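Engineer: One letter stands for each residue in the lines below.
There are 2 protein chains.
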Amino acid sequence: MKIIVDAMGGDNAPAEIVKGCMLAVQNLGVEIILTGDEEKIKKHLTDDKNITIVQASEVITYEDSVNVVRQKTDSSMVVGLNLLAKGEGDAFVSAGNSGALIAGATLIVKRIKGIRRVALAPIIPTNGKSTILIDCGANVDCTPELLEQFAIMGNAYSKAVLGVENPRVGLLSNGTEEHKGNEKTRAAYGLISALPLNFVGNIEARDILDGVVDVLVADGFEGNILLKAIEGTALYFSKNLKEMFMKNIITKLCGLMLKGGLSGLKKKFDYNEHGGAPVLGACGAVIKAHGSSKALALSNAIRQAKKFYEAKAIESITNLVNQ
Amino acid sequence: MKIIVDAMGGDNAPAEIVKGCMLAVQNLGVEIILTGDEEKIKKHLTDDKNITIVQASEVITYEDSVNVVRQKTDSSMVVGLNLLAKGEGDAFVSAGNSGALIAGATLIVKRIKGIRRVALAPIIPTNGKSTILIDCGANVDCTPELLEQFAIMGNAYSKAVLGVENPRVGLLSNGTEEHKGNEKTRAAYGLISALPLNFVGNIEARDILDGVVDVLVADGFEGNILLKAIEGTALYFSKNLKEMFMKNIITKLCGLMLKGGLSGLKKKFDYNEHGGAPVLGACGAVIKAHGSSKALALSNAIRQAKKFYEAKAIESITNLVNQ
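In order, the protein sequences belong to chains A and B. For the first sequence, the numbering used here begins at 1 and goes up steadily by one. For the second sequence, the numbering used here begins at 1001 and goes up steadily by one.
Any given hint could be a false lead.
Here are the simulated DSS-like cross-link-like pairs (lysine-lysine), alpha carbons at most 25 Å apart as the crow flies [to be verified]:
(1) B/K1294 to A/K239
(2) B/K1259 to A/K239
(3) B/K1242 to A/K247
(4) B/K1259 to A/K268
(5) A/K266 to B/K1049
(6) A/K252 to B/K1267
What the hints contain is simulated information worked out from the structure, not anything from laboratory work. This structure is a prediction, so every number in the text was calculated from the model and none was measured.
The task is simple: from the sequences and hints, build the whole structure.
Structural biologist: Given below as structure tokens:
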């Protein structure tokens, strides 16, 4: 099992990416192909067992537009995606520019037959479980038919990769009643209802963290608002808590005594613990690791890429969408 | 100054509503007209100074559809809105069904000339300040022109009622760059840019609680997702914190020592502290108090209704929209 990893993508590249790969080789028994600047990679590669490097001279940054994948053809991301497309590895992991990764997966790895758009599906930690949000920003102005395909892809991934037996699939809306929603979601409601999956109807943003669904279907514009509102609120709360504990010697002491509980709470909200977000709809297993990934998070993303490939989620999606 | 109050709307009606009115008479020097079941109201009315009752035999519940305002014509909400329309009071406050209140404001109080839709604009507590979110669910499938009117109304309210000198007006989007957004928000971006107000561009959901804008413009569908995601995450955090503090004798002791800080944090997130949400675009000052309002929250909503009327926000909106 060979995982291709973009050595140059993300805030902590290449140091933490390379470390994460060495960790993955140790713990997951995988082989790694690192794409990027060989010289820079080698600086951090203290153990090259089962790790090879494929040279790539360019780097795609966060500032680059999605069209960059057509221009920076010798970037670590494009070189990696080409290796995946040619079958020289089984999965691809990048912590770089999401928009470019989606565009690259579409143009280079290509879409599954019948799939109209490739989607980014991050996993939201919910009450000890995991909810896949599909889509979180790659696709805006979706048609109802696109939302229907998101339901199919999210359901397949939840089942195959996350091991949920009969995933509860919900539709993000402004109320739980069937008549709630906008024109698009009301039309999607009808389409998803007719699919052979466990559709539980409209879901309000307020209930997501209680883990009421395993798969949450949304237009990327709305999914993005949801995800960032949750992140922003969690961050705001943490900041305020921190200030509270730093106030004086007594509050600091309390912080010390509550350390276990606080780090448990932090862990509950920590996206890094949950690996990365699958890019769904492409003909290969692509995982977007969080931009701020350190070594552990990156190796978790590799673990998820391994599962993605092994669980044959792409075959499931292909079968379901062409039924 | 005479405020009409729906005595029968909300989870704690009529007891807490009546108490809130007595509080408002004491502290704000207003006269109150209470609409509802006279007998039930009188049970709680221990001091009727400056409070009169107008009998209404019906009650609109949360389960009622928006069409209810045409059917329950003798309900406390409809009777109150009619009094406002006839000029027998200066403002109207209800903690009842939001959808019915919006429909009633539109049908009975009527829209301001030139205004196409009445909007609900709750105030989000943000880092010690207040951000008006317009709209939060009353209107879905908005046109760009509607979003433009929301910007005008939110700006006028922020200036006149909340006393913000030059309100920063932002557009809820999936990124801060100008090209971000969906078809509707990109068109609205152009329209709002051309208005004579302080438009600061696209705003991400992640930054809202940092107080980056005074007025946040959104389609009701997306505004609803934002608001409920913030509420849900705050609730989830509070629940988890509570559990952490209840674990054992030491954590309980810490909770006791941190009481001041914790209640400060709670207060920061407490919608009740901030009165109610104005219903904007109607020809009268209408305030939606939170459904769970107790006496203090209700009297804060009355304070806001008083300001809404005194600040002549409706005249400002009328002038701006017909320029």
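Engineer: Hint by hint, say whether it matches the structure.
Structural biologist: Here's how the hints hold up against the structure:
{"no.": "1", "hint": "B/K1294 to A/K239", "result": "29 Å, violated"}
{"no.": "2", "hint": "B/K1259 to A/K239", "result": "17 Å, holds"}
{"no.": "3", "hint": "B/K1242 to A/K247", "result": "20 Å, holds"}
{"no.": "4", "hint": "B/K1259 to A/K268", "result": "24 Å, holds"}
{"no.": "5", "hint": "A/K266 to B/K1049", "result": "52 Å, violated"}
{"no.": "6", "hint": "A/K252 to B/K1267", "result": "22 Å, holds"}
The structure shown violates the earlier hints numbered 1 and 5.
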